[in-house]
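J.: Assemble the dimeric complex from its two separately framed chains, guided by the hints.
Order-wise, the sequence lines are chains A and B.
Numbering-wise, my numbering puts 187 at position 187 of the first sequence, and it's gapless, one number per residue.
Numbering-wise, my numbering puts 1036 at position 36 of the second sequence, and it's gapless, one number per residue.
If you're looking for bench data, these hints aren't it; they were derived computationally from the structure.
We treat Cβ as the ideally placed atom computed from N, Cα and C, and that holds for glycine.
Straight-line distance between alpha carbons at most 27 Å, and here's what the computed DSS-like set of lysine-lysine pairs gives:
id, chain 1, residue 1, chain 2, residue 2
1, B, Lys1185, A, Lys134
2, B, Lys1129, A, Lys134
3, B, Lys1185, B, Lys1129
4, B, Lys1102, B, Lys1037
5, B, Lys1102, A, Lys134
6, B, Lys1185, B, Lys1037
7, B, Lys1129, B, Lys1102
8, A, Lys134, B, Lys1037
9, A, Lys113, A, Lys134
10, B, Lys1037, B, Lys1129
11, A, Lys113, B, Lys1102
12, B, Lys1185, B, Lys1102
13, A, Lys113, B, Lys1037
One side of the interface only, derived from the structure: several residues of chain A facing chain B at Cβ under 8 Å:
id, residue
14, Arg76
15, Glu90
16, Thr91
17, Ala148
Here's the letter readout for the chains.
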Amino acid sequence: MEHAIRAEGLVRRFGDTTALAGVDLAVPTGTVFGLLGPNGAGKTTAVRVLSTLLRADEGHATVGGFDVVRDAHRVRQLIGLTGQYASVDETLTGFENLLLIGRLLGLGRADAKARARQLLADFHLSDAADRAAKTYSGGMRRRLDLAASLVGRPQVLFLDEPTTGLDPRSRNELWDIVRNLVSDGVTVLLTTQYLEEADQLASEIAVVDHGRVIAQGTPEELKTRTGGQTLAVRPADADDLPTVVAIAAEVAGATPEVVQTTVTVPVNAPGVLPAVVRRLEAAEIPVAELALRGASLDEVFLSLTGHRAETDAPAGADLEGSVA
Amino acid sequence: MTATTVTAPLTPARRLGPTAGLRHTLTLAWRSLVQIKHNPMELLDLSIQPVMFVLLFTYVFGGAISGSPGDYLTFALPGIIVQNAFFATMTTGFGLNNDLTKGVFDRLRALPIARWAPLAGRILADTVKQAWSVSLLVGVGMILGFRLENGLLGLLGAFALLLAFSLAASWISVLVGVLVNEPEKVQIFGFMVIFPLTFTSNAFVPTETMPGWLQSWVEVNPVTILADALRGLLVGGPVAAPVVQSLLWAGVLAAIFAPLAVRGLRRRV
Chain A
1 MEHAIRAEGL VRRFGDTTAL AGVDLAVPTG TVFGLLGPNG AGKTTAVRVL STLLRADEGH
61 ATVGGFDVVR DAHRVRQLIG LTGQYASVDE TLTGFENLLL IGRLLGLGRA DAKARARQLL
121 ADFHLSDAAD RAAKTYSGGM RRRLDLAASL VGRPQVLFLD EPTTGLDPRS RNELWDIVRN
181 LVSDGVTVLL TTQYLEEADQ LASEIAVVDH GRVIAQGTPE ELKTRTGGQT LAVRPADADD
241 LPTVVAIAAE VAGATPEVVQ TTVTVPVNAP GVLPAVVRRL EAAEIPVAEL ALRGASLDEV
301 FLSLTGHRAE TDAPAGADLE GSVA
Chain B
1001 MTATTVTAPL TPARRLGPTA GLRHTLTLAW RSLVQIKHNP MELLDLSIQP VMFVLLFTYV
1061 FGGAISGSPG DYLTFALPGI IVQNAFFATM TTGFGLNNDL TKGVFDRLRA LPIARWAPLA
1121 GRILADTVKQ AWSVSLLVGV GMILGFRLEN GLLGLLGAFA LLLAFSLAAS WISVLVGVLV
1181 NEPEKVQIFG FMVIFPLTFT SNAFVPTETM PGWLQSWVEV NPVTILADAL RGLLVGGPVA
1241 APVVQSLLWA GVLAAIFAPL AVRGLRRRV
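Bound-form chain B, shown alone (with noise of 0.2 Å):
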């Protein structure tokens, strides 16, 4: 059998080349994309839930909240695309449960790869599909009346800034998925935070008409600021607060969830 022939280096090397890990990364991120193909579930789930979102919060929220469909998607689509932001940093946690509870992280453990590039693959991959589900909310908002009034710029800018902020915030997404021991229990973690996280904003409803109580929450919760950040660079109005108490929340989900994230999965394999 050929298959077998003993082959593997004599004098294995010590260490990994420098662009090795970048390597590693990239492969295990086709691997994580390449998997919606199979599951054409993921990609409907990445692509209807956003787009059923607009449509029903335009026509059905839309007059009540601000008079008409089309004031209310300029106001909404921001929060719409914070939300979904959100929820899509949920994809990293349970992928990453998965590959722990069913013996992948261990295959490729085993292997003479990169320490970090499963768990890099698997953020790169989830930020592709990220970037995808943002680029299917403006494209539907803008067919149903959403005008970019900072042009391009503008919307490059909304862009980086909800990339980057996805990516300290999948560390949350990814401390659950290690300390859990099956996916579901991620999604679960998912709805009861996100779903109460995202809706105590102003995400989709002016923070005036909330109880005052609630307000104080609203206007310190994340997903206002980021909600904010994003209006003004799509729609006009401040950019700089927002845009710095945004990135300023990134840096604080990071910093307190990256090593705690580090450390559970160290623990765990």
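Just chain A, with the same shape it has in the complex (with noise of 0.2 Å):
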């Protein structure tokens, strides 16, 4: 199968509110696909309408080439869900919740336990297997969420934004997990806010704003799509700022803007690295950084949607946790 997720023209509304309006995706087999978005895009309502838990007003979908809503059942069979809204029993200790799943799933008492061992040993959660879910701390409860979907061995992982409010090392830790599942041929629909973890995991990425797919392409993709890049060049010597400033706007033909004492301007024309070189080594500044980067996914957000990411989502955003 070619395509392990397909959704076409998916509109689903709450009341005067649409979270997806109209969205397409297409995922291939084996692959992590990244969707992007902030609060409120309709990242969430996406994966709940692929995961079989929503039925959307219009358009369909299929997972593993069985329709979400006509073979539910089946979908259900391939699929594993790790998110907000798909949680562990906090009562149960960890063992006790991947029984429970095991057992649900099918298997019999003996392998139930098997695979409840072998998951919390490869989680690294074989010491805590026998406290409530309470106890444990974030990262250790997004393990178990995860090793939770990961009892039927599922073709297909929905991870809704896995890794908020984790501390980095969970977040890296994490990460490692996904790409370990992805290299054994798991596909992986994963939605964050976070513009790194789509560039560190997600081989494509779909960026959703207002329940629509704004663009799409591979995280490289997208980066050139919004343009150039940026020649940033941070000065030895603070005191230089002025003349970097000066000879950076003068190479580019545009206004830099300083942070700190790195002095960053979009250039287009080839041929600006080596100009800014003769012209800083012929006004004698000692550069401690000199460097030619592609835009980053914030600022390719940003030219995007008109607004940053994070920190300029819209009023009344918290569309998926008062549907929920």
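T.: And the structure:
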């Protein structure tokens, strides 16, 4: 199967609010697909439709080739779901949670226990296996959540904001787990508000805003699509900043920005870098850092949506929370 | 990492086998019961509260109402059992609301299990808890001198009637659990509705002692009718009429609240 997930024209309204305003998606089998957008963009609604939890008002979708409405039972046998809205039972231990799911999936008692132990070991939770999940730290909770969605060895995994609220170390651990899964052939649909996360994990990204996909492509394509590159110069001596700004402005033909002691300016023309090097040398300015880099996804998001990804979510955008 | 090998079925089954839903229900009932192990407070709730009620009512009110604690126990124990059963039905709504708000319900719904199993599993577990409370109440009552005049058959009949009624009444609890946005509100509902409902009955005091306007309500109150049925079954007196009326009440409650609760649940998720 070429595409593990396909969606065409998904529309979903909640009262007067349109959470999905016609979403098309095609996720190639065995890849990580990132759904990137701010709070309230419709990411969670999309995941809930694709994981059979919610029916779309219009459009249709298939997962593993099966229609998510007509063949929902088959889809449920193929998927795993982890996210804000698919949680473990806090009053049960980690072991009992995994045992419960194994038994519900039809594993025999012994098999379900073995599977639970194995997953707990794989996710470094063996020591906490017999403690109630409510005593777990945030990172442990997410690992247990993820383990719970892997009991049935899913072919397609939905990860709804898997690292929101995690510290960097737990986040990196979770990223490693996701990479391992993909190397084993699992297809992952990941929603995230973090541009870095999509950049790190996803081979393809759809940027969603107000229930629509406003851009789609590989992280590299998205970066180039929103134009050019950025020249960054950091003089060794902060006193040289005004001179550096002047040189950057002249060579790039645009107004540079200064953040702390780094001067950045968007550039389009080739040959900018050697020109800057020559000018800095001529002015005898020692340089601590000199780089030409692609636009960050943050800049991509800003140029696509006209607002920043995290700080500028529209008011009342907590739609996904209010309908859950 | 071995845990992540892809072995999900390539040709998944189109639908569930006939007994699968029952198996899911039993597994989910296990889940609700094993929670008690980690939350001993719940066991205290199920055990100490009923026992405390029996002791308090018998020894504090007994003399004043019936002349002696022993006579009062014979009158009031069936009433206490009914009151306890009503409160116990709230557990269902509380647990369901907890699952809904915490996301456990969605996790379960995304699994290839029978759609009705999460609710049925919960209700089954709560019926087991209910049976535990009733046994405890009868047991403590007997220690204090309560006599089963109709023997084992009467006791089993009382058990069956009470569980059937609770099953029907728990739909009210399910509806509340589906409608409110936090579990604590289910408890508040329980106090605000079940307290007056159970006290405006003949569960604890004879109807004749109340003002006339209240008596007309007390006589049709399902708590009165169910308490009378249990009295008939446990200590003697008329059985047929109150049992039939209790079952009618159960049928009416289920007919009204089950569809509302199911519709509410469909809307909510």
